Structures are given as structure tokens and as C-alpha cells.
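The working numbering puts the first residue of the sequence shown at 1, with every later residue one more than the last.
Keep in mind that the hints are not guaranteed to be accurate.
No farther apart than 30 Å at their CA atoms in a straight line, the calculated lysine-lysine pairs in the BS3-like style are these [said to hold, decoys possible]:
1. 64 x 4
2. 9 x 64
3. 9 x 86
4. 83 x 72
Beta-carbon label-pair distances, calculated as ranges [to be verified]:
5. 90 x 67: 32 to 42 Å
6. 46 x 85: 17 to 27 Å
7. 17 x 80: 22 to 32 Å
8. 67 x 91: 35 to 45 Å
9. 51 x 88: 31 to 41 Å
10. 55 x 90: 40 to 50 Å
11. 67 x 31: 19 to 29 Å
12. 18 x 86: 34 to 44 Å
13. 4 x 70: 15 to 25 Å
14. 80 x 54: 17 to 27 Å
15. 64 x 29: 20 to 30 Å
16. 21 x 59: 14 to 24 Å
17. 89 x 55: 35 to 45 Å
Calculated directly from the structure, the hints in this document are not laboratory data.
As the structure is a computational prediction, the values presented were derived from the model and not from experiment.
Positions of the beta carbon are idealized from the N, C-alpha and C atoms, including for glycine.
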Amino acid sequence: MSVKPSDFKHEICVYLEGIGECLVCFDILTPGDELDPDHSDSYEIDFSVFDENDKHITYDISKKQYNHCENKAMDEMLEITTKWHKEWESV
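From just these sequences and the hints, can you work out the full model?
See the structure below:
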């Protein structure tokens, strides 16, 4: 069974030298089933990288490219959870 972009809830576009535009798709992993402001420091991501033809290339890229994609996905996850946390506090 192959992984595809639609298997993930979030996605961002990242440029990788030598490959071009890629899609980094990710899910936010939480200790519980839902986003919880009490555990926001322990969120992690599960991600995969796809080329412009949606081919899964996570294991075909260099360690440097992998780390770049992971960092971009983590930044996006922090932005999403920070926005969610602010909305939760304002309720």
C-alpha cells in the first residue's frame, strides 16, 4: 500500500534543490485524540514528501532535504496549534 497526499490532513509546498516544488503532507500527533491546550508542548508530526507528480519521495531525498522538510512542517504545525490555542483561549 502506498502513501498518498490525501492520507494527511495538512500540506505545505516546499522547494527542494535538484527536485523542485514538493508537497510536504503531515498530520499533527497529540497525546490524546484531539488538540489539547494542556499538552501543546508535546505535539509531534508524521510527514511524507511528494514530488510534483504526487510520487512519494520521502526516502529518496538527502538527509539535508529531509531535515528541511521536517523543519518546515514543524513550523507550520506550530503556527496551526498557536492559532488554535489563541482561538481556544478567547472562547
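Okay, the hints, checked on the actual structure:
Between residue 64 and residue 4 the CA atoms are separated by roughly 22 Å; this keeps the pair inside 30 Å, and the hint holds. Restraint check for residue 9 and residue 64: satisfied, since their Cα atoms lie roughly 24 Å apart, inside the 30 Å limit. In summary, the hint linking residue 9 to residue 86 is supported, as the alpha carbons are separated by about 20 Å, within the 30 Å threshold. Distance hint between residue 83 and residue 72 is fulfilled; the C-alpha atoms sit about 17 Å from each other, no more than 30 Å.
For residue 90 paired with residue 67, a C-beta distance near 35 Å keeps the hint of 32 to 42 Å intact. Judged by the Cβ atoms, the range 17 to 27 Å given for residue 46 and residue 85 holds: they are separated by roughly 20 Å. Our hint of 22 to 32 Å for residue 17 and residue 80 holds, since their Cβ atoms are close to 26 Å apart. Hint check: residue 67 to residue 91, Cβ distance near 36 Å, so the stated range 35 to 45 Å holds.
Checking the proposed 31 to 41 Å range against residue 51 and residue 88 shows it holds: the Cβ atoms sit about 36 Å from each other. Distance hint for residue 55 and residue 90: a CB-CB separation of about 42 Å, consistent with the stated range 40 to 50 Å. Checking the proposed 19 to 29 Å range against residue 67 and residue 31 shows it holds: the Cβ atoms sit about 25 Å from each other. Here the CB-CB span from residue 18 to residue 86 is close to 38 Å, well matched to the stated 34 to 44 Å.
Separation of residue 4 from residue 70 is about 19 Å and conforms to the stated range, judged on CB atoms against 15 to 25 Å. About 22 Å separates the C-beta atoms of residue 80 and residue 54, a value consistent with the hinted range of 17 to 27 Å. Range check, residue 64 to residue 29: Cβ separation about 24 Å, and the 20 to 30 Å hint holds. Taking 14 to 24 Å as the suggested C-beta distance range, the pair residue 21 and residue 59 conforms, at roughly 19 Å.
Separation of residue 89 from residue 55 is about 41 Å and conforms to the stated range, judged on CB atoms against 35 to 45 Å.
Checked against the numbered hints above, the structure breaks none of them.
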